[in-house]
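Asks: Here are the chains, one letter per residue:
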Amino acid sequence: MPVEVRIPTMLRSAAGGSSVVTVDGATIGEVLDELGRRFPALAGQVVTEDGSLHRFVNVYLNDDDIRYLAKLDTKVGEGDTVSILPAVAGGA
Amino acid sequence: MLVIDWTVHAEMVAHCFDGLPLEACGLLGGTVTGADAQASVCYPTANLAASARVYTVDPKGHLRADRDAEARGLSVLGVFHSHTHTAAYPSPTDVAQAPDPDWHYVLVSLADGAPVVRSYRIVAGRVSEEPVVRTTR
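Chains as they are written, first to last, in the numbering used here: chain W, 1 to 92; chain V, 93 to 229.
Since the hints were made in silico from the structure, they are not lab data.
Heads up, the beta-carbon is just placed ideally off N, CA and C, and yes, glycines get one too.
No false leads were mixed into what you were given.
From the derived model, a few chain W residues whose C-beta atoms are all more than 10 Å from chain V:
no.: 1; residue: Pro2
no.: 2; residue: Ala15
no.: 3; residue: Arg37
no.: 4; residue: Phe39
no.: 5; residue: Gly44
no.: 6; residue: Gly51
no.: 7; residue: Ala70
no.: 8; residue: Asp73
no.: 9; residue: Lys75
no.: 10; residue: Asp80
Examples of chain V residues toward chain W, derived with CB under 7 Å:
no.: 11; residue: Tyr147
no.: 12; residue: Thr148
no.: 13; residue: Val149
no.: 14; residue: Pro151
Restraint-style ranges between C-beta atoms, simulated for each label pair:
no.: 15; chain 1: V; residue 1: Pro223; chain 2: W; residue 2: Glu4; range: 36 to 42 Å
no.: 16; chain 1: V; residue 1: Gly205; chain 2: W; residue 2: Ala43; range: 44 to 50 Å
no.: 17; chain 1: W; residue 1: Glu49; chain 2: V; residue 2: Arg159; range: 30 to 36 Å
no.: 18; chain 1: W; residue 1: Gly51; chain 2: V; residue 2: Ala102; range: 41 to 47 Å
no.: 19; chain 1: V; residue 1: Glu221; chain 2: W; residue 2: Ser19; range: 27 to 33 Å
no.: 20; chain 1: V; residue 1: Leu140; chain 2: W; residue 2: Pro2; range: 28 to 34 Å
Pulled out of the complex, with its shape left as it was, chain W reads as follows (with noise of 0.2 Å):
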């Protein structure tokens, strides 16, 4: 099921420059790993070596932060947007 997965400034750099890639999968983790082969920079950026969701960064299906949803095993379907954006905290 091909989605659209818009990428954060940050990570474009290592998304061949595109801040918009279509990719295919039946879930978000599936499509984090194709986006991962396809950009090998990027893989280690938004999913961990132990396979889940870098805690750097969210993603959202359409509207919704996925750590609500199921994760990674969140289903996804035509005409849904995969958004990754930095998680943005600090403090002293």
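Given chain W, put chain V in place with the hints provided.
Replies: Same frame as chain W, but now just chain V:
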């Protein structure tokens, strides 16, 4: 250099005061020209950490800001947050967690009552201050 539209400056500082006694945070949208940027939209967001010492930009607020900026032909160019009791300088955590080397990192210190707004670039752990210019009404 970071130019901040006076309305954005006012909204940002107001959001920081509103957040007291906790840290407040938000994103800035605008245009980027090389190392310089002009912030023309303020996106106040919730601080999910709900803390006086740390902040986490609400991811849903970030997504909304990102979409709105794109719809306006702008980009999210940086983040602001308040320091309630310390100077307007990035803390070690701010530096360690700075997500994007292209961003402008704005600190609003409320430690002295009157707000102090300063901006920094944070690239590979190195902090450099940049001038902040507020537009006039």
